[in-house]
Amino acid sequence: MKLSVCAVGRLAPRSEERSLTDDYMARFAPAARRLGWGPLTETEVETRKVQGMAAEAAELRRILPPGAVIVALDERGKPMSSPDFAGRLRDWGDQGRDVAFVIGGADGIDPALRAEADLLLSFGKMVWPHKLVRVMLAEQIYRAATILTGSPYHRE
Numbered sequence: 020m021k022l023s024v025c026a027v028g029r030l031a032p033r034s035e036e037r038s039l040t041d042d043y044m045a046r047f048a049p050a051a052r053r054l055g056w057g058p059l060t061e062t063e064v065e066t067r068k069v070q071g072m073a074a075e076a077a078e079l080r081r082i083l084p085p086g087a088v089i090v091a092l093d094e095r096g097k098p099m100s101s102p103d104f105a106g107r108l109r110d111w112g113d114q115g116r117d118v119a120f121v122i123g124g125a126d127g128i129d130p131a132l133r134a135e136a137d138l139l140l141s142f143g144k145m146v147w148p149h150k151l152v153r154v155m156l157a158e159q160i161y162r163a164a165t166i167l168t169g170s171p172y173h174r175e
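Residue numbers (my numbering): 20 to 175.
Calculated from the structure, these hints are not laboratory results. Just so we're clear, the structure is a prediction, and the values are computed from it rather than from any experiment. Possibly wrong hints are sitting among the right ones.
[What the hints assert, rightly or not] Below are the DMTMM-like pairs computed for lysine to aspartate or glutamate, each with C-alpha atoms no more than 25 angstroms apart in a straight line:
1) K21 <-> D103
2) K150 <-> E63
3) K150 <-> E135
4) K21 <-> E36
5) K21 <-> D41
6) K97 <-> E175
7) K150 <-> E78
8) K150 <-> D103
[Stated by the list, open to error] Distance ranges between label pairs, derived from CB positions:
9) D137 <-> A77: 18 to 28 angstroms
10) P148 <-> Q70: 13 to 23 angstroms
11) P148 <-> R52: 25 to 35 angstroms
12) D41 <-> V146: 17 to 27 angstroms
13) T66 <-> A131: 31 to 41 angstroms
14) D42 <-> A131: 31 to 41 angstroms
15) E175 <-> R53: 12 to 22 angstroms
16) P171 <-> D110: 21 to 31 angstroms
17) A77 <-> H173: 32 to 42 angstroms
The beta carbon of each residue, even a glycine, is placed where N, CA and C say it ideally should be.
Turn these sequences into a full structure, and let the hints steer you where they fit.
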């Protein structure tokens, strides 16, 4: 299973968000190999080239891996525990499915693209800046892999 983060906007190269996201993505790689999963990749849509949610959605669709399960990060989505999220990833991996996580821009994800998602995932009822959502998602993907490999990182 390959995992992709498809996000509107760029994280500044020397920003704390970039550093944290890269750290969790690097930590994920060894656990992913133990699970037989492919890499976690990240593709960014440049917001200076597009304006409006519909245009962002068109660019996001362009970078989505064909046939992947689409998980849209949205405050209206389903909140999940970390073990439940890990279980969902395990199930998709067992089915041989790739997974693409979609993070919208400052105004969120276009309703039409949101409707195409296989899962709307929420990190709670609060609205989070899309740059922090990227960090939180990378950490939760790493945490899911550690749960599935039996690492002591996650504690209950």
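Going through the hints against the structure:
With a C-alpha separation of about 19 angstroms, the suggested pairing of K21 with D103 holds against the 25 angstroms cut-off. With a CA separation close to 11 angstroms, the supplied pair K150 and E63 stays within the 25 angstroms bound. As the CA atoms of K150 and E135 are separated by approximately 23 angstroms, the hinted pair is consistent with the 25 angstroms bound. For the suggested pair K21 and E36, the alpha carbons sit about 23 angstroms apart, so the restraint of at most 25 angstroms is met.
Note on K21 and D41: the hinted pairing holds, with a Cα-Cα distance of about 17 angstroms set against a maximum of 25 angstroms. Simply put, K97 and E175 have alpha-carbon atoms about 21 angstroms apart, close enough for the 25 angstroms limit, and the pair holds. Proposed proximity of K150 and E78 is supported: the alpha carbons are some 18 angstroms apart, at most 25 angstroms. Only pairs whose Cα atoms come within 25 angstroms are accepted, and K150 paired with D103 is accepted, the gap being roughly 24 angstroms.
About 19 angstroms separates the C-beta atoms of D137 and A77, a value consistent with the hinted range of 18 to 28 angstroms. At roughly 19 angstroms, the beta-carbon separation of P148 and Q70 lies within the given 13 to 23 angstroms, and the hint holds. Separated by about 31 angstroms at the C-beta atoms, P148 and R52 satisfy the suggested range of 25 to 35 angstroms. Range check, D41 to V146: about 24 angstroms between beta-carbon atoms, so the 17 to 27 angstroms window is met.
Checked against the given bound of 31 to 41 angstroms, the beta carbons of T66 and A131, roughly 19 angstroms apart, lie outside it. D42 and A131 have their C-beta atoms about 34 angstroms apart, which keeps the hinted 31 to 41 angstroms range intact. At roughly 21 angstroms, the beta carbons of E175 and R53 sit within the given window of 12 to 22 angstroms. Distance hint for P171 and D110: a CB-CB separation of about 23 angstroms, consistent with the stated range 21 to 31 angstroms.
In this structure the supplied range 32 to 42 angstroms holds for A77 paired with H173, their Cβ-Cβ distance being about 37 angstroms.
The structure is inconsistent with hint 13 alone, although it conforms to all the rest.
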